[in-house]
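Q: Each chain, written out:
Protein chains: 2
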Amino acid sequence: MADLPDKRTAPIDWYLAVVEAADLSDKRYGIKGMNVWPRYGFRARRNLDRILVREIEATGSEAVEFPALIPANEFAKEKEHIKGFDAQVYWVTRGGLSELDVPLVLRPTSETAMYPIFALWVRSHQDLPLNVYQIVNTFRYETKTTRPFLRVREIHFFEEHTCQLDEDRATDRVRSNLDAFARMAGAFCLPYLAVRRPDWDKFAGAHYTIALDIPIGGARTLQIGSVHHYRENFSVPYRISYETATGGRANVHQTTFGLSERLLGAIVAVHGDERGAVFPSEIAPYEVVIVPIPTATARAAIEAATRELADRLARAGLRVFLDRGEERPGAKYFRWELRGVPLRLEVGGRELEGRRASAVDRLGTRSTVALENLETEVAERLRAFDRELMRRAQVAFRESFSVATDLSQLNGSTRVRVVGWCGSEACGHEIEKAIDGALLGVPEGTPPAVEGPPGPCIACRRSDGVRWAFAAQPI
Amino acid sequence: MADLPDKRTAPIDWYLAVVEAADLSDKRYGIKGMNVWPRYGFRARRNLDRILVREIEATGSEAVEFPALIPANEFAKEKEHIKGFDAQVYWVTRGGLSELDVPLVLRPTSETAMYPIFALWVRSHQDLPLNVYQIVNTFRYETKTTRPFLRVREIHFFEEHTCQLDEDRATDRVRSNLDAFARMAGAFCLPYLAVRRPDWDKFAGAHYTIALDIPIGGARTLQIGSVHHYRENFSVPYRISYETATGGRANVHQTTFGLSERLLGAIVAVHGDERGAVFPSEIAPYEVVIVPIPTATARAAIEAATRELADRLARAGLRVFLDRGEERPGAKYFRWELRGVPLRLEVGGRELEGRRASAVDRLGTRSTVALENLETEVAERLRAFDRELMRRAQVAFRESFSVATDLSQLNGSTRVRVVGWCGSEACGHEIEKAIDGALLGVPEGTPPAVEGPPGPCIACRRSDGVRWAFAAQPI
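Residue numbers (this note's numbering), protein chains in the order written: chain A, 1 to 475; chain B, 1001 to 1475.
Just so you know, these hints were derived from the structure itself, not from any lab. Fair warning: this is a prediction, and the values are worked out from it, not measured in the lab. Mixed in with the good hints, there may be bad ones.
[To be verified] Here are the simulated BS3-like pairs of lysine-lysine, each with C-alpha atoms no more than 25 Å apart in a straight line:
(1) Lys1083(B) with Lys1144(B)
(2) Lys1144(B) with Lys1027(B)
(3) Lys144(A) with Lys27(A)
(4) Lys144(A) with Lys7(A)
(5) Lys27(A) with Lys1077(B)
(6) Lys144(A) with Lys83(A)
(7) Lys1032(B) with Lys77(A)
(8) Lys32(A) with Lys1077(B)
(9) Lys77(A) with Lys1027(B)
(10) Lys433(A) with Lys144(A)
(11) Lys1007(B) with Lys1027(B)
(12) Lys1433(B) with Lys1144(B)
[What the hints assert, rightly or not] Label pairs and their computed distance ranges (CB to CB):
(13) Arg183(A) with Lys1144(B): 40 to 48 Å
(14) Gly1060(B) with Gly186(A): 30 to 38 Å
(15) Pro1456(B) with Arg324(A): 50 to 58 Å
(16) Leu1178(B) with Thr365(A): 46 to 54 Å
(17) Asp1199(B) with Gly186(A): 56 to 64 Å
(18) Asn411(A) with Arg1249(B): 52 to 60 Å
Glycine included, every Cβ here is placed at the ideal spot set by N, Cα and C.
The following block holds chain A by itself, in its conformation from the complex (with noise of 0.2 Å):
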């Protein structure tokens, strides 16, 4: 195998060598930008699924499925809403060999395919909150190059969808779905932004849009997800309302929360290096490889214990993968960096005598690992492992960052721009035209880089109402 592009120098050409070469995802089929998820990629997906619904669980959501087909009258109920998707979907026209009397769009997203129904569902103040999720493809007619994960025609998508009693519930939601994210980046090892978008670049028809965005590289950020405060915007064309206590009739407020395959394109953006893929423990699609070292004389004794070793950390309900292939260790050593397994286990014929096992985790640390107890130290390993992964990841972060307070800062940034900004759109256009991206918004909470309240407004010199934004190049 030749070597991988330099991520510094030739980011792109990295990402998409490593995710052919890790077998993340294959993109040789026949309509572009719709990509197969082989074996190992999906094994990765399965993982990263199942944290999300962990999560999202543990909030009291559960899961449902609503159809992939919307009829067009259905989708263009909301006029924000069929505005912002008219030119990316795609549509049905024909059933069997007759025209259909009414088109039907394939999902880009499920606000027109759900509302109707929940219209049903809630009925009282009883029925509130309603809080479902479900995890489906999506589609979009996308006209921009494709990359695997992350800007593709079918898309891997996770989406929550609720009905609260009122605006302040519903604001309530969307901390919780703020909070739920973080215990789910905990697990990707992944720091993030949480932005609230400008209102020229919200949610169609949403009130308020806040974004999840991870900074990879250069200006460079990328969008993995969002949470989005509806009000009653879907809920009045939708006719969602309930009884109230009092027996009076409101309109429900509503919140989504959605999160895309990106996630896993993120995963590998930030964490990869030279050597290929580095998956979080929850997330590779094995944690453990083990290579057995076979030597002359013990070879037999070498496979038998291997087999055990492997079977121990199954039980344990790790998952690991036994190599037991004819190449030489070091093409497995490669092929496993490569696929960015967390934690490979080493066994020869020394290792064998002395009852343990060498232990190199994907960031380079040795160690060894006593066979008697296996499970408990191949765990503690891979604790630290991502300790260190989530680690390394925080100072990258803190370093995407630099504060500019002019706008001549902005072009050619080979950072994330903090900027005082004053609100207005005007100078939010301003700015993003001096970085050649876009103003990503105003942060929750204090952003990295900063000490202390902004200055002026970077474009317009004002100091009033001036707030902490970032400007940045999204992909």
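We have chain A; now place chain B onto it with these hints.
A: Showing chain B alone in chain A's frame:
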């Protein structure tokens, strides 16, 4: 809530009423035959999928996922296959505001999506066998009357696709799939038939098809899945070939194994009774429901005790629901019986005093559970419930069949008929006409309800090459 229709005299009405009242599927969505999976029904589906995944992965199959859309040109490559599906696929013809150059088919099944990629994945005999499966939704433009789970337009679908070295290995894979299904059916407590379909009724493009049929009352049967041997029928047009151990080239032999949400329909139809659904414990959304029976003096103690019981059962890995609603206990019993929960625990003042719970399983068996052994005793009750459910299903299964020796007996039959058949297509069609249904085909192994070999063909009266076959009314 109104009474359910009578299962024996109005089976379809009964079925539709149970599916709706038990909240298994919501068919009020804006497209006929595309139904919503509500919270309760989704839980059953998730449990069902978990069993499929467990059993197929135990045979070495790995999960993948291929795109939902298939370019028209790939779809048309295998001639029999496209003929079989032409009239019942959905076509995507527009993306955004423009017509697509190549129309796309929403997958009705995934042969034509997967096999161009299999041709890239399989290079050498070392890449074989390739055993992969996916659980996705498939789409059929169904023109017949739709029924939740039984005939829908968006179908929750399990499909395994494999490539084998040669015809014999492919035959072995068919066997292995049938063995895996036997284990799945054990978890569903569903007796079934494995039947080799006559040539005129095999899957489009298959060398042969073994269908999995379930008798569901009268002469009616429900096909819930099938296993196909494709020989080289697809590998030739899709060029899936490999370098043999001796340096030559050969085409792979392929198999597929498909199951659908019809399984859930079969579980409802077979096990359900006059009080609603009855779920085997592995499928049940909740295995145990706990109903507190509050008394004036012990309300708080009963509440605390039932919470603790629920926690203990959840920690033991059981799916448990503590019903703390305001209704009377009787209303709760009614609802959870309708929803098919295997075991109900009742805890009132007397139970609390005696450190026990009253247990009633969904088949009516009452017992007492000592709280100190709660986890093991509940697990035991669930095992006993599953055994009894299977026993009853087997009794009903055996009673579903009777031998017919004359075509006149097929008319208006209230059983699935076991008949002698010479194997000719002409006789097959005569039998089908007589029963106003289908010749399901020849069973794998000995059919139920027969002793010894068949007599002459029920249609032509010849004795040459006659085998037992089933005649039924598939729905």
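Q: Does each hint fit the structure? Answer for all of them.
A: Verification of the hints:
no.	hint	in the structure
1	Lys1083(B) with Lys1144(B)	holds (19 Å)
2	Lys1144(B) with Lys1027(B)	holds (16 Å)
3	Lys144(A) with Lys27(A)	holds (16 Å)
4	Lys144(A) with Lys7(A)	holds (23 Å)
5	Lys27(A) with Lys1077(B)	holds (21 Å)
6	Lys144(A) with Lys83(A)	holds (19 Å)
7	Lys1032(B) with Lys77(A)	holds (20 Å)
8	Lys32(A) with Lys1077(B)	holds (20 Å)
9	Lys77(A) with Lys1027(B)	holds (21 Å)
10	Lys433(A) with Lys144(A)	holds (20 Å)
11	Lys1007(B) with Lys1027(B)	holds (21 Å)
12	Lys1433(B) with Lys1144(B)	holds (20 Å)
13	Arg183(A) with Lys1144(B): 40 to 48 Å	holds (47 Å)
14	Gly1060(B) with Gly186(A): 30 to 38 Å	holds (34 Å)
15	Pro1456(B) with Arg324(A): 50 to 58 Å	holds (56 Å)
16	Leu1178(B) with Thr365(A): 46 to 54 Å	holds (48 Å)
17	Asp1199(B) with Gly186(A): 56 to 64 Å	holds (58 Å)
18	Asn411(A) with Arg1249(B): 52 to 60 Å	holds (58 Å)
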